[in-house]
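Peer 1: Chains as they are written, first to last, in my numbering: chain A, 1 to 298; chain B, 1 to 315; chain C, 1 to 262; chain D, 1 to 438.
By construction, these hints were calculated from the structure, which means they are not laboratory data. These numbers were taken from a predicted model, which means no experiment stands behind them. Using N, Cα and C, we set each Cβ at its ideal position, and we do this for glycine too. Treat the hints with care, as some may be off.
Derived Cβ-Cβ restraints for the label pairs, each shown as a range [claimed, not checked]:
(1) A:Val73 to B:Ala96: 51 to 57 Å
(2) C:Ile146 to B:Phe295: 19 to 25 Å
(3) B:Phe295 to A:Glu184: 25 to 31 Å
(4) A:Val73 to D:Ala213: 52 to 58 Å
(5) B:Phe81 to D:Cys437: 53 to 59 Å
Calculated pairs, SDA-like style, for lysine to any residue (alpha carbon to alpha carbon, straight line, at most 20 Å) [stated by the list, open to error]:
(6) A:Lys97 to B:Arg106
(7) D:Lys138 to B:Arg106
(8) C:Lys185 to C:Ala132
(9) D:Lys225 to A:Val266
(10) D:Lys376 to D:Ala156
(11) D:Lys225 to A:Ala262
(12) C:Lys200 to C:Glu64
(13) A:Lys97 to B:Leu296
(14) D:Lys242 to A:Leu265
(15) D:Lys312 to D:Phe368
(16) D:Lys288 to A:Gln130
(17) B:Lys127 to D:Lys242
(18) D:Lys242 to A:Ala186
(19) D:Lys242 to A:Phe5
(20) A:Lys97 to B:Gly51
(21) A:Lys33 to A:Ala186
(22) D:Lys312 to D:Glu67
(23) D:Lys39 to B:Met277
(24) A:Lys97 to C:Pro92
(25) D:Lys269 to A:Leu265
(26) D:Lys364 to D:Glu136
(27) D:Lys39 to D:Gln114
(28) D:Lys398 to A:Leu143
The chain contents come next:
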Amino acid sequence: MLTSFAILTDGLVYAAYLFIVAIGLTLIFGVMKILNVAHGSFYAFGAYGAATAVGIYANADWPAALGFLFMLVLAMTIGLVMGIILERGLLRQVYGKDEVITVLVTYATFLILEDVIVLLWGPQSYAAYQPMVSAGNIEIGGLVLSNYDILLVAIAAALALLAYWSLKFTRYGWLLTTVIFDRETAAAFGVNVTLIYTVTFIIGAVLGALGGAVMAPKIAVTLGIGVEVIVLAFAVVAIGGMGSIEGALVGALIVGICRAAAVHLVPQLELFVIYGVMALVLVVRPYGLFVRAQPRKI
Amino acid sequence: MSGRGQLVGGLMFLFATAAAPLLPDWIVSLATVALANALVVLGLVVLWRAGLVSFGQAIYYCIGAYAVALTARWTGFRDAFALVVIGGVAAGLVAALIGFLLARYREIFFAMLSLALSMILYGVLVKTESLGSTDGFSVATPTFLGFAPHRDTLGLSLYWLTLGVDAVCAVLISAYFRSVAGALAAPIRDNEIRVEFLGVSVASVVHAKVVISGILGGLGGALAALTIGHVDPNMSYWTTSGGFVFVTILAGASSVAAAFVGSLAYEAVRSFAFDLMPQLWQMTLGSVLLLTILFLPNGLGSLVSRVKRREEVKS
Amino acid sequence: MSAILAVRNLEKTFGSLVAARDITVSVPAEQTVGVIGANGAGKTTFINMITGHLTPSKGSIWFEDKEITGQPSREITRLGISRSFQVAQVFPSLTVFENMCIAAAIARRRGGIFGNIVTPVHSPAATAEAEATIELFQIGRYREIIASALPQGVRKLLDIGMAVVGWPRLLLLDEPTSGISIEEKFDLMKVAMSALRSRKITVLFVEHDMEIVTRFADRVLAFYDGTVIADGTPTQTLSNPQVQELISGVRLKTSVKKPGNA
Amino acid sequence: MLQSRRRIRYTLVGSAVATAMLASAQAQQSAAPAAAPVKLGIVSFLTGPAASPFGIPGRNGAEVVIEAFNSGKAPPPFDKVGLGGGKIEAKFVDEAGSAANVVTEYRNLVQRDQVDAVIGYVSSGSCLAVTPVAEELKELTVFYDCGTPRIFEEKARTYVFRVSPHATMDNVAAARYLLAKKKNLTSYSGINQNYAWGQDSWRDFVGAMKALAPTVEVDKVLFPKLFAGEYGAEVSTLLTSKSQALHTSFYDGDLEAFVYQEQARGLDKRMTVIMTTGEAAIWRLRDKLPDGTIIGGRGANGPLAADTAINKWFQKIYTERYNIPPTYPAYQMAQSLLGLKLAYEKAAKAGVKPTADEVAAAFKGIEFEGPAGHVKMALGDGHQGITETAYGTYRFNKQSREPEIVEIVRYPAECVNPPVGVDADKWIEEGMKGAKCN
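When you get a sec, could you build the whole thing from the sequences and use the hints?
Peer 2: This is the structure:
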């Protein structure tokens, strides 16, 4: 009983983490058909930014909540700036090129940014635990949970709702949907696709940085955290269906629950869970859970 | 490849063979590793021509390497030539198996599924503590048809072996590129329906390409295992695959020779970066890749093939 | 002489929708058959079933007295039935010559599972075949042009040429003149048809333009609501009152792409 | 002889790459002063997740010690300038990348840069990959941090040495300390990274516990993937466990992440955590590391080290330079350099550089006092060092606002290391026979 409850809660927390890192990736892919490896860099920069922010406010001993907000804002600003620079400066050059080429452009960018981190923050690792520690914990059904984890789940849920709402009920959302559905037609109907691209990429970058920021208090911010995240996010997105936001949500939940179950019941399998699930889903549904293949008209 | 191309290739091969003893050992061993990896790259080129990119090619590299290491470890059998063949066959068999699955996938999904498969192999190897888990284990020094080279000449022997295998593969693959199956790459990328209505099963052609690239990957892994003298699960990690794709882009799909030139260039650049800026080598590699994509979209090979095209038009 | 193509009680249903029903046709060798009918009358479904793109729900298809019902399209192509498409299906990144060469090489490749691998793509015979076909369809001056850059009409001819280069005995053309300006239609059909005749190929072609049908077909099948409502010489079929009412309309002499009332 | 042959080859090189690379190599050679300098290749992680905990402290340790050597300011018997009079020229290389990269870069150091000896390597994988190459090239090589005992157990080595003890004693001592501290222990759990280091550490610890206290049982066995970062599920699992102790060989990033996450949920209130590499983290975690945690440092390093003159000296020069006390990787590097210096000077005859064989012969079985205590090259036919080790209990001193390790227990080398000629794993399996604990 306790175990199944634990599996559920742990699964939710992990799913929240996965969803937060995956949503930006899937959004960018859905709209721009770019599998953005540099998403890992956004995550890393967000985390480093958050650590810096926490460092500042820990010394200035502000109230925790304010500090937390400051942390998010700083991280997202970094994401914003990176997004603009990358999209305007680099990706512009390769639009319309082969999907794989764009992937490699982002891969190269990722490699470069890895070392930019060393230049900016040095090789040592940073801590940003204050927000999580000051959040304290709560005991539910005999299981002690960290309030920060609960906050994390809340943030993920909020993101999901926000995404749903803005896609369904805002003008940008509609335009986005048309571009996702058929870029040419959308352009033909006068949708400013280039603008949509810029905006989308920036949003994706900000989301990536946000992911890093909210995770920073739980981890040691150190070199290489980006690499780990990329593959996780890829897997989640591939499971849910490239470019599908509800897919990312469901994918994150599946992986999260499976992993938690593995850790509690058969720890030996933990290493395989994500890729196992991914391979299985792709075998059954080659395009992921939420994307159907359109047969070609002849 | 035109007859002229073959001639040039042959000359390059002869030069590479003859020059080796004059080169310092470290360049020879660096070249050996590069030439072993070049086979994996060649396999990726075969796929890439059909618009397929594998982010999990390291799976074959790793299988080839482990096949060699384990044969030597369990049977004590150490003949280099046979071991290399074993590596290629083992990887080929696996490719033939998962090919049934992969042949149904295209674009990014092909890439992601192969990535997942290679990572599963990685997990299995990490779990196998009897094989040293992530520490891996060492590969016995090979013999060559019963003759065991002295440690000073071992490097050269391995270099020549690698060069030989490369030459054979280069000839076979350029023949393949001139065959119907090889020439079908662009058509499959362009329009699978037309290919089917011309009477060809796209699935089986793609499957064949997967197997060929698998065999090449296995041969590369086998040679790498013999050269490095050590195997570990990282050979199957996705970053290893990423490295190979990197080189493929650098080389370009324009010709067989490009794979070898590109791989050598990459090893040289990487080694330079490690030597000159030990903490910023990733940045150097990234910049090189970026510049290649932006200013040399068809890779180093395109320089060569441009010249060739012009000649063909003239003739 | 027996029919090269025989179709018996062919039926195709998609769920509740009946796309083709009770089609029974037999075509003697070297005949040129025009297929008319409003959009959605079942013409393309008919062709897709013969070429194996769709599997019939009922009935059987016989080619040269061999049953081919439900075989995959590539098998049917190997047997000697090929087709062209409403939207030309060529390889956009290849030149006209390369397009033709690959098609020729495939047609002449050796058998066996390794057939594709052991057959060189540029065998003299295949290349000659490709050259000949290019000349036959009079697109020689586009030889080195990338297919994506070809004018519509040339792309159509290339499409048909690629279907012909393998010397099929039966060829199905799905609206060869669709998307072609009225002025060009006739020249295109002239080139295509003379080429096909010269190779003694039995032809089924779907066409909306009644003038073209009367001009090029020995025989016309009229489709309506998934089945054949008239079958005979162009004059017979087109003078059939049902056909006039349902398909060609009274404006028999004008060439409108779609009938006014369907 | 080998050297001269190489030089001839150099002049014949055709390829542009080669000449360019050589230019740098030869430039370094031509800049040789009268007392020929000694070139050392120093390899450790300069990038990636292992840089901050192991690679950088190792490199820093090398820098201060080499500086001291070159200025002849090291305490006796290490006060000769450089190595036997020749100033040390160090070349630092990144260990990152595949085994292929590591081996290639090793060959480059030896054959291109012509270094006289190589010191380094954090990952056991790197050490295992480099060892056969070192033997092939007859290059004197000293490993400083990698822990696997396999290196000298698989085969007898000639040119490869490791002053730092292998990882076996870490977990044997951990078991001894835990059992001494927690008399009424009934069950324990473990969380270790799912790769060789974590797997070996856990195997050794469980083996040692079985041998010393067969009745104590194992409860949860967790192996999260390396650099997982998120341990919610693991923490819950442990929260549902009745164990009184938790063994972990986590380090740096993973260790810190785990500590933050378990503390947020009060796991350390329920069980004592034994961190076999905790010493490297105390200066960063400070008051975040729960009091009462059992801390090891891969030997008697850092605060666990005996308060000797040479230890004071090392602490001083390191802290002055980097204003943070040295952690165990820095100690291991220092120990390795000191050992090499002694062996080199023992082998050196007036003015002439000793050959690799001479140094190797001199290195075998030497003993000396280093910052981390008495080193004896006892195992692996005199190639593998053993030292005493120590474990202690962590406390964050509220007054001085500084981390402390108290209740330190020292274990003599013979108590926690296998006797000569016995493989570590076997020794533990068979109940650690012949362990001499004072």
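Peer 1: Against each hint, give a clear statement of whether it holds in the structure.
Peer 2: Against the structure, the hints:
Remark: the range hint 51 to 57 Å for Val73 (chain A) to Ala96 (chain B) is upheld by a beta-carbon distance near 54 Å. Range check, Ile146 (chain C) to Phe295 (chain B): about 23 Å between beta-carbon atoms, so the 19 to 25 Å window is met. The beta-carbon spacing between Phe295 (chain B) and Glu184 (chain A), approximately 29 Å, falls within the hinted interval of 25 to 31 Å. Look at Val73 (chain A) against Ala213 (chain D): about 53 Å separates their beta carbons, and that is inside 52 to 58 Å.
Restraint check, Phe81 (chain B) to Cys437 (chain D): a C-beta distance of roughly 54 Å satisfies the suggested window 53 to 59 Å. Restraint check for Lys97 (chain A) and Arg106 (chain B): satisfied, since their Cα atoms lie roughly 17 Å apart, inside the 20 Å limit. For a cut-off of 20 Å, the pair hint linking Lys138 (chain D) to Arg106 (chain B) is broken: about 50 Å separates their Cα positions. With a CA separation close to 23 Å, the supplied pair Lys185 (chain C) and Ala132 (chain C) exceeds the 20 Å bound.
Between Lys225 (chain D) and Val266 (chain A), the direct Cα distance comes to roughly 14 Å. Compliance with the 20 Å bound is thereby established for this hinted pair. For a cut-off of 20 Å, the pair hint linking Lys376 (chain D) to Ala156 (chain D) stands: about 18 Å separates their Cα positions. Restraint check for Lys225 (chain D) and Ala262 (chain A): the C-alpha separation of about 12 Å stays at or below 20 Å, so the hint holds. This hinted pair checks out: Lys200 (chain C) and Glu64 (chain C) have alpha carbons roughly 15 Å apart, not beyond 20 Å.
Between the alpha carbons of Lys97 (chain A) and Leu296 (chain B) the distance comes to roughly 13 Å, so the proposed pair stays at or under 20 Å and holds. Between Lys242 (chain D) and Leu265 (chain A), the direct Cα distance comes to roughly 16 Å. Compliance with the 20 Å bound is thereby established for this hinted pair. Distance hint between Lys312 (chain D) and Phe368 (chain D) is fulfilled; the C-alpha atoms sit about 16 Å from each other, no more than 20 Å. For the hint linking Lys288 (chain D) to Gln130 (chain A), the alpha-carbon distance of about 10 Å falls within 20 Å, and the restraint holds.
Note on Lys127 (chain B) and Lys242 (chain D): the hinted pairing is violated, with a Cα-Cα distance of about 27 Å set against a maximum of 20 Å. For the hint pairing Lys242 (chain D) with Ala186 (chain A), the CA-to-CA distance comes to about 61 Å; that exceeds 20 Å, so the pair is violated. Taking the CA atoms of Lys242 (chain D) and Phe5 (chain A), the gap is near 18 Å; set against the 20 Å cutoff, the hint holds. Distance check on the hinted pair: Lys97 (chain A) and Gly51 (chain B) sit about 12 Å apart at the alpha-carbon level, within 20 Å; holds.
Between Lys33 (chain A) and Ala186 (chain A) the alpha-carbon distance is near 15 Å, which keeps this suggested pair within the 20 Å criterion. Annotation: proposed proximity of Lys312 (chain D) to Glu67 (chain D) holds, straight-line Cα distance about 17 Å (limit 20 Å). Distance restraint check for Lys39 (chain D) and Met277 (chain B): the Cα-Cα separation of roughly 19 Å lies within the 20 Å cut-off, and the hinted pair is therefore satisfied. Annotation: proposed proximity of Lys97 (chain A) to Pro92 (chain C) holds, straight-line Cα distance about 16 Å (limit 20 Å).
In summary, the hint linking Lys269 (chain D) to Leu265 (chain A) is not supported, as the alpha carbons are separated by about 24 Å, beyond the 20 Å threshold. For the hint linking Lys364 (chain D) to Glu136 (chain D), the alpha-carbon distance of about 19 Å falls within 20 Å, and the restraint holds. For the given pair, Lys39 (chain D) sits about 8 Å from Gln114 (chain D) by alpha-carbon distance, which is consistent with the 20 Å threshold. Distance hint between Lys398 (chain D) and Leu143 (chain A) is unfulfilled; the C-alpha atoms sit about 31 Å from each other, more than 20 Å.
Figure legend: structure checked against the earlier numbered hints; hints not met, in rising order: 7, 8, 17, 18, 25, 28.
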